[in-house]
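Student: As a plain string of letters, each chain reads:
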Amino acid sequence: MNDRPDYFTLIGQALGDRLELRDGAAPNELYLSLKPEALSSLPDIVALLTRSLGARFTTLVANDERALNGGFFLYYVFSAPAGDLFLILQVPVDPRHMEVPSVTPVLEAANWFERELKDWFGIIAFPNIYRLAVHPDWPEDVHHMLKDFRSDSAVPRVPGTFDFKRVEGEGVFEIPVGPVHAGIIEPGHFRFSVAGEPIINLDVQLFYTHKGTEKLAEGMDPRRAVFLAERISGDSSFAHALAFCRCIERLSGLEIPKRAEVVRTIVLELERLYNHIGDMGAILLDVGYSVGAASAFELKERFLSLNETLTGSRLLRSVAAVGGVRRDPEDAVPKRQALREAVVTGREGLERLYDLIMSTSSVLDRLETTGRLSRTDAFRLGITGMAARASGIDRDFRRDHPHCAYSRVRFQVAQQKEGDVLARLKVRVDEARESFSILEQLLQQHLGEALIAPVSPVPPGRCALGYVEGWRGEIVHWAMTGPGGELFRWKITDPSFHNWRALPVAVRNNIVPDFPVINKSFNLSYSGNDR
Amino acid sequence: MLKNFRQWGKVVTGSFPDKPGERPEGFRGKPVIDFPRCTACDRCAEACPTHAITVTSETAENRKDAEGRPQESGGRIVSIDYGSCIFCGECEAACPDTIHLTRELQPAVSDRKSLITRARYRSRGSGSWEFVEIVADAASDRQSIEEIGARVKARALELFGRSLHIREVDAGSCNGCEIEITALNNPVYDIERFGIHFVASPRHADMLLVTGPVTRNMEIALRQSLEATPTPRMVVAAGACAIGGGIFGKSYASCGGVDKVIPVDVYIPGCPPHPEALLQGILTAMDRFPSRR
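If you read the protein sequences in the order shown, they are chains A and B.
Just so you know, we're using the working numbering here: the first sequence kicks off at 1 and counts up by one.
Just so you know, we're using the working numbering here: the second sequence kicks off at 1 and counts up by one.
Hints in this document: simulated from the structure, not taken from any laboratory.
Treat the numbers as computed from the prediction; the structure is a model and nothing was measured.
Don't be surprised by glycine CBs; every beta carbon is placed ideally from N, CA and C.
Worth double-checking, as some hints may not be accurate.
Taking CB as the label site, the calculated pair distances span [stated by the list, open to error]:
| hint | chain 1 | residue 1 | chain 2 | residue 2 | range |
| --- | --- | --- | --- | --- | --- |
| 1 | A | Arg-166 | B | Pro-230 | 50 to 60 Å |
| 2 | B | Val-132 | A | Arg-157 | 19 to 29 Å |
| 3 | A | Thr-369 | B | Lys-260 | 41 to 51 Å |
| 4 | B | Val-135 | A | Asp-141 | 27 to 37 Å |
| 5 | B | Pro-187 | A | Leu-10 | 34 to 44 Å |
If you want the ones that stay clear, here's a sample from chain A, every Cβ over 10 Å from chain B, calculated [said to hold, decoys possible]:
| hint | residue |
| --- | --- |
| 6 | Leu-19 |
| 7 | Pro-92 |
| 8 | Val-155 |
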């Protein structure tokens, strides 16, 4: 913390005429409030924060605060380059105009966020004519995130068709895929434009699994919303629930028992392990290497049943709670033994699997140079997590914004440069290795018995971020409480919302039969994206 | 399950416990209410995130005599719906004396109503309640996965003269159900040994296995998937969302369950359903169909 530059003074001197600075409810949040008269300089400020200062965009939250203070506010959240700090740029929106200057021209990573803003709030930033977060049969003038829209409203379907980017020319044709896919996966529609085998363009239509999660949570008791958070993305049940719990804890200033922090870290790593191992299997399956895939799926199943033994739930549900955890995976001797044994046999299994892959040239041939995402593109699009680390971007919230017990364990942040399917597989292997090492270190730590902080009322009218490095990448939530401590606004950002933009770039000029393996190498969440 | 931590190269399939229901200590299975002990207060109902447990005043509608004439009301009904239950354990935490989470899975049923257990209470005055009777009892069933698998195989041959082909349709789930359905294909469960195949298109399928609350944006695709499935066909709703919307319920974005959109033959409870529960549900669906021969 001591090596953190004094951003307060730094930003205050440079932009003090346009911004008001204040500390957030949580100690590592600095709010930069843009003065209404300086609205037109928003892109300049964002450029200054990202380009000159090196801050990285993580999410954009919109909030209908008309009932509180007569207007809308946007919160652009940045991760500061050094020291554990978040810079949150608060921008007022005049409800009579519902327009803000777009920051996309200076920050491409904000593109989808600005388009969702238009579809869900009716606030126009980036004047893209294409819809993103609502389907064509959704009425133009209905915005479900406005407070005057009731979640049980019946919304009529209107005529409309998807607008896909058309590629024309001799021999060019389109392949439509989805929303119901051939495999047992989530729904989405892909429209390929191809000439022969190589993919010229891919358009992705998502939001088939939109369940109105953020809207449903409005007015909900935060403790109950934890169960909703567990169902944002099934493969990240614990990570999402934890990110949300951390929002509430941070805005309440709640202290978490040390043992609970250790348990949280153990469970996060268990979630990382079963997913990384399962993805290795899925990648192998998509290149037709059944032996490797079967081995990986068997290993994954061991971890799912380990989860069941340790927590009572194969997907690690009902473990997270506001203030701590509900279960201790080490509270009985057989459980402790199971966990220790899993670290040993799991590590062996992983190494065997990795050796198998690296010694099978037909597999390597399919993975190398396939679906390459360059560092430049990854950086430009704001790609996060495992996919970013495979393209040479050195970022990991576990190290950069230490949470849970990560400051008490040693681990390496995995790095690959190639950005191809093989690089993403190698990052998974390296991260799984580190997970075993983290688990080993945590098994030595016995820090008291308390699993959960005493229940205290959630304070009204506060807001805070909650973040976690899930297995896929940074999960960032932002929550604000209403007058009775109920949820007023809850914004969910799954890493998939950033990373879906990588897929069309990575598949370009690859052949159609390689699409499944490229898609799997990112393994993005549809439900986490669509919410 | 820990005995499955075996060395590479050994057979991992078929190592299930021969006796069913052997889930580990602390497994979050079917919550059971000790109705005679229950005092029909509503702490558990308050705690339940999906309103699977309700405590309601008895109305003329649910209190009828043998001839169907409404009777004098005034009692209370405590009801638990395993179709909506997400097995979170909040009820147990709210009332540890009366409710406990067993290690059992709630089996799938073809009649939605048989996922509900209800009990009636009468007033003892001064706001306290006394147990009278259990009005309806949810189905229970205990079989091993091998037993179920063998019956599926026999039934598929009887019905179709061949194996069973399933098309999975995600109608907006969180992906939790997909993780468990995919697990059926892993070497440990390996359901292909029972003649069950997951196919790439509804046109090749005998059964649609549907997950998710059916989002507004998947409603049309789900209807079209059913139209594309040749008859005889079956529809299985897997998971709390598919059964009745689960935690997402019914909203502008969610239809609130598969049977609000297409007819459903079998409901598999769980959030998500355990792979064993999925297989048992698939068998239940097949039992619903008359034999060809």
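Student: State for each hint whether it applies.
Tutor: Hint check results:
The supplied range of 50 to 60 Å is broken by Arg-166 (chain A) and Pro-230 (chain B), whose beta-carbon atoms lie about 34 Å from each other. For Val-132 (chain B) and Arg-157 (chain A), the hinted distance range of 19 to 29 Å is not satisfied, since their beta carbons lie about 48 Å from each other. Under the hint 41 to 51 Å, the C-beta atoms of Thr-369 (chain A) and Lys-260 (chain B), about 48 Å apart, fit the expected range. Between Val-135 (chain B) and Asp-141 (chain A) the C-beta distance comes to about 48 Å, which lies outside the given range of 27 to 37 Å.
Between Pro-187 (chain B) and Leu-10 (chain A) the C-beta distance comes to about 57 Å, which lies outside the given range of 34 to 44 Å. Distance to chain B confirms Leu-19 (chain A) as a non-interface residue, since its nearest Cβ pair spans about 37 Å, more than 10 Å. Chain B leaves Pro-92 (chain A) outside its interface by the beta-carbon criterion, the shortest separation being 28 Å against a cut-off of 10 Å. With a cut of 10 Å on Cβ distances, Val-155 (chain A) falls inside the contact zone with chain B, its closest approach being about 5 Å.
Hint violations for this structure: numbers 1, 2, 4, 5 and 8, all remaining hints satisfied.
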